Amino acid sequence: MTKKLHWILPGLMALWVLSSMRAPKERTDFNSAEFGRLPVLLNGRVQPLDSVAFNALLQMRGTTSVPLEGNAGRGAAWGDFLALRDQFPGTLEERKWWQFTKHPKRLKPVSWLLEVAYKPELADNRHIFLIHHPELISELKLQNQGVENSGLRYYTFNELTNHFEVLEQQTERIRKIDPQARTPFEKSAAKLHFSLGLYHRLRNSFRHERSDDPAAQLAAFEKALVPGVEAARNRENGVDYSKEDLDALIQPLEQYDMISRVAYPLIIPPPGSDHSRDAWSNLGAALLQAPRAGMLHPATRFFASLASSFRQNQPEKFNKTLSEYGEWLAAHSFGSEVQKGRREFAFNQLQPFYKCMVIYVLALILACASWFNWSETLNRTAFSLLTFGLVVHSGGLLFRMILEGRPPVTNLYSSAIFVGWGTVVLGLVLERIYRNAIGSVVAGLVGFITLIIAHHLSMDGDTMEMLRAVLDTNLWLATHVVVITLGYSATFVAGFLATIYIVRGIFTKSLSRETAQILGRMVYGIICFGTLFSFVGTILGGIWADQSWGRFWGWDPKENGALLIVIWCAVILHARWGGIIKERGLMAMAVFGNIVTSFSWFGVNMLGVGLHNYGFMEAVFQWLTAFVVSQLVLIGLCLLPEKYWSSFQAKDAPAGPSPSRSSGPGSYDPLPQPTGK
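One point on numbering: in my numbering, the residue at position 171 of the sequence shown is 174, and numbering is uninterrupted.
Quick caveat, the hints were computed from the structure, so don't treat them as lab data.
Please read these numbers as outputs of a predicted model, since none were measured by experiment.
All C-beta atoms, glycine included, are put in the ideal place defined by N, C-alpha and C.
A hint or two may mislead.
As the list claims (entries may be wrong) - Calculated pairs, DSS-like style, for lysine-lysine (alpha carbon to alpha carbon, straight line, at most 27 angstroms): (1) Lys122 with Lys320; (2) Lys226 with Lys144; (3) Lys99 with Lys358; (4) Lys246 with Lys226; (5) Lys358 with Lys343; (6) Lys194 with Lys179; (7) Lys320 with Lys343; (8) Lys323 with Lys122; (9) Lys512 with Lys358; (10) Lys323 with Lys105; (11) Lys194 with Lys144; (12) Lys323 with Lys343; (13) Lys144 with Lys179; (14) Lys226 with Lys323; (15) Lys144 with Lys190; (16) Lys108 with Lys122; (17) Lys99 with Lys144; (18) Lys7 with Lys358; (19) Lys190 with Lys122; (20) Lys358 with Lys108.
As the list claims (entries may be wrong) - For each label pair, taking beta carbons as the anchor points, the in silico distance ranges come out as: (21) Asp463 with Ala222: 36 to 44 angstroms; (22) Gln90 with Asp281: 50 to 58 angstroms; (23) Gly47 with Ala481: 15 to 23 angstroms.
Working from the sequences, and respecting the hints, build out all of it.
Structure representation (C-alpha cells):
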C-alpha cells in the first residue's frame, strides 16, 4: 500500500480538484449560480457578478465566504450566529481549527451579493467587516460585539450603524494625511470607511434600498413616461400641464438619480449595435435615459423582476427571469459576454491557485520527512504531488490568459503566480536530476510562499483589472515581463537552495560533503540561468521603454531594480570564477540575492515614483522588512566558523576531499578548478 502512495495521494488530490468543477449545490430554490454568471462591466472589463461579489467580499472581509454558524459562550454552545447573539453577547467565535466535526454553513460570494442587493435586512446582520486594530475597536466602542477568529474580529453593518459619525470624523482627518505617513490605526480606519462605502454602493446597484417592489414601481414609471414627458414639455413651453403626470414621472427619477450616482457595477448592456461594446451603464443611469429615449431599456425590466421575485420569495419566477434574460443577451449579440461570464464563474469555482497551495504544502511536508528516514517512497510521492500541482498551476495560468486575453504576467498579483510557477518548474528539474528531495523542498516551499503573497495581493481588488494604456502591449508582456519574471524565479530558487545548505549544515548532521557539493552545483547552475534571463529581460525592457516613452533607459526605480539583479548575479559569478569565494561564500551571496530580488520585485513599488506605477503598494513594507532581516540572519549564520556547523563536525560524516584551509573554514570547493602545466 505504501509503495503505491505516490499514485494514491495525487489521485486523491485530482478527485478534490475535479469535484470543484461541478456546479455548486444550491442551498435554496433560487438559482444563485446562474445569477452569478450574468455578465457586467467593472474595472474596464466584462466579468460575471460572481467576480464582483468575490472581490468585494475579499476586500471587506479578507475571505471569500461568510460563516453563518460558530461558537458562543466560550465554546459552551454552537449554532447560528443570529440565534446565539442575544443569548451570549460578546462571546461569538468562528469555528476553531481543532473542531474537525464542525462544518458551519457558509454564504458563497454570489449568495451574499443576492442578500445585499435584494434583502439587505438579512445582509446587514452578516459579519463581513474586518476590524483588526484594537485602538479602532476601542474608538468605536465595539469591544463586546462582533465575531472573533484567531485574533481578528468581524462586525455587521448594523453593529457599525451607530458609529458612522465617529468614523466619518476620523476619515475627514485622515484624508488630509499622506497615505505613506498614516499610522496603522489611521490605515485601519480608512480601510473600514472604504468597505462601508463599497457595501453601500452594492446595496444600491440593483434597486433603490427603500424600494420593496421594483417591478411594480418600474411598471408605474413606464406607464407615466409618455404623459409625464408631455407634461414636462408643456410646462417648459408655458402651456397648461398635468401636475399629477409630472409628479408620477419625477418622483421615481429621484431614486434613479441616487442609483446612478452610487451604483458599483455597470449591469445594463449597451442599448444597440450603434453603441460601443464597452458602453455599459448602471441601472440608475439607464432609467434616467428613459424619458429622453421615450422607452425603457429591456434589461431594466429583467433586473426589476429579479429584485421583486427575490424579495417576495418567488424562486420559480426568479429563475425564469434569469433564463429569459440570458436568452435576450444571446439574441442581441452579447453571446461572447455571456460566455466570458460563464468561463470566469467556472474559474472562480475551481480556485486553482488555492488548491496548488494545499498541494505544495503537502509535498513540502513529505519531502522534508524523507530527509529524516531517507524514504524513497516519501520522496517519490512528493515529486508526484508537485508534478500534479504544476499541472493545476499551469492550467490556472492558461485559464487566466484566456479570460484576460493577455500573457501570464500583467500585474503584481499575476507576477507572484508566475514566479511560483517558475520556481516549481526549476525545482522539479533539479529533483529529476539529483533525486535527493532538495529540489522538491524548494519547489514546495517557494511555490507555497509565492501563492500566499498572491493571495494577499488579491485583497486589493480585481486581479484581472486592465493595465494602463502604455503597458497594454501583448508582445512585450509576453517577452520582457515573462523573461524578467523567470529571472526572479531563478534567483529565489538559488537563494532558497542556499538556505537549505545553511540550515541543514548548522542545525543538523544531515549535510554530508557529497550533499554540500551537490547543493553548490545546483546554486551555481541556477545563478547562471538567472543571470541570462535577468539580462535578456532587462534589454527587452529597454527596447519596450524606447518604443513607449522614447528612451531606452531613464533610471526609473523598476529599471534600476532589474539592473541590480543582473549586476549581483554577475558579481557572484565573477567572484566564483576568480576564486574570491568558495562554497560557503557562494551560499551567502545567493541568500543576499533574495534580498536584491525582493527589493527589485516589491521594494521599488513602495517608492511611489516612476513610470511603472501599475504596481505601487505600501502594505508589504513590514513583511519585506521581516524577510530582509531573516536573510541577513542566514548570511550571518553562514559566516560562522566551521566548528559551529553540526554537519561538518559529525563524526560519521562521509569522507571526502579536504576543505581548502587557505580560503577559510568550511570552504570546500565543489567546482573543478583550472590546472596549469
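Lysine 512 and lysine 358 were given as a pair; does the straight-line alpha-carbon distance stay at or below 27 angstroms?
Violated, because 34 angstroms separates the two Cα atoms, which is more than 27 angstroms.
Check whether the Cα positions of lysine 358 and lysine 343 lie no farther apart than 27 angstroms.
Cα-Cα ~23 angstroms, so holds.
Restraint status (C-alpha distance of lysine 358 to lysine 108 at most 27 angstroms):
Roughly 21 angstroms separates the two Cα atoms, so the pair holds.
Restraint status (C-alpha distance of lysine 122 to lysine 320 at most 27 angstroms):
17 angstroms, holds
Pair hint lysine 99 and lysine 358, alpha-carbon separation not exceeding 27 angstroms:
21 angstroms, holds
Within 27 angstroms, alpha carbon to alpha carbon, are lysine 323 and lysine 343?
21 angstroms, holds
Take a quick look at whether lysine 323 and lysine 105 sit within 27 angstroms of each other, Cα to Cα.
The given pair, whose Cα atoms are some 36 angstroms apart, is violated under the 27 angstroms limit.
Check the hint pairing lysine 194 with lysine 179 against an upper bound of 27 angstroms on the C-alpha distance.
OK: lysine 194 and lysine 179 at ~15 angstroms, within 27 angstroms.
Is lysine 190 within 27 angstroms of lysine 122, Cα to Cα?
31 angstroms, violated
For aspartate 463 and alanine 222, compare the CB-CB distance with the range 36 to 44 angstroms and indicate the outcome.
With a Cβ separation near 41 angstroms, aspartate 463 and alanine 222 satisfy 36 to 44 angstroms, so the hint holds.
For the pair supplied as a hint, lysine 320 and lysine 343, is the alpha-carbon distance within the 27 angstroms limit?
Since the Cα atoms of lysine 320 and lysine 343 sit roughly 25 angstroms apart, the hinted pair holds (cutoff 27 angstroms).
Is lysine 226 close enough to lysine 323, meaning Cα to Cα at most 27 angstroms?
24 angstroms, holds
In this structure, the earlier hints numbered 2, 9, 10 and 19 are contradicted, and the remaining ones agree with it.
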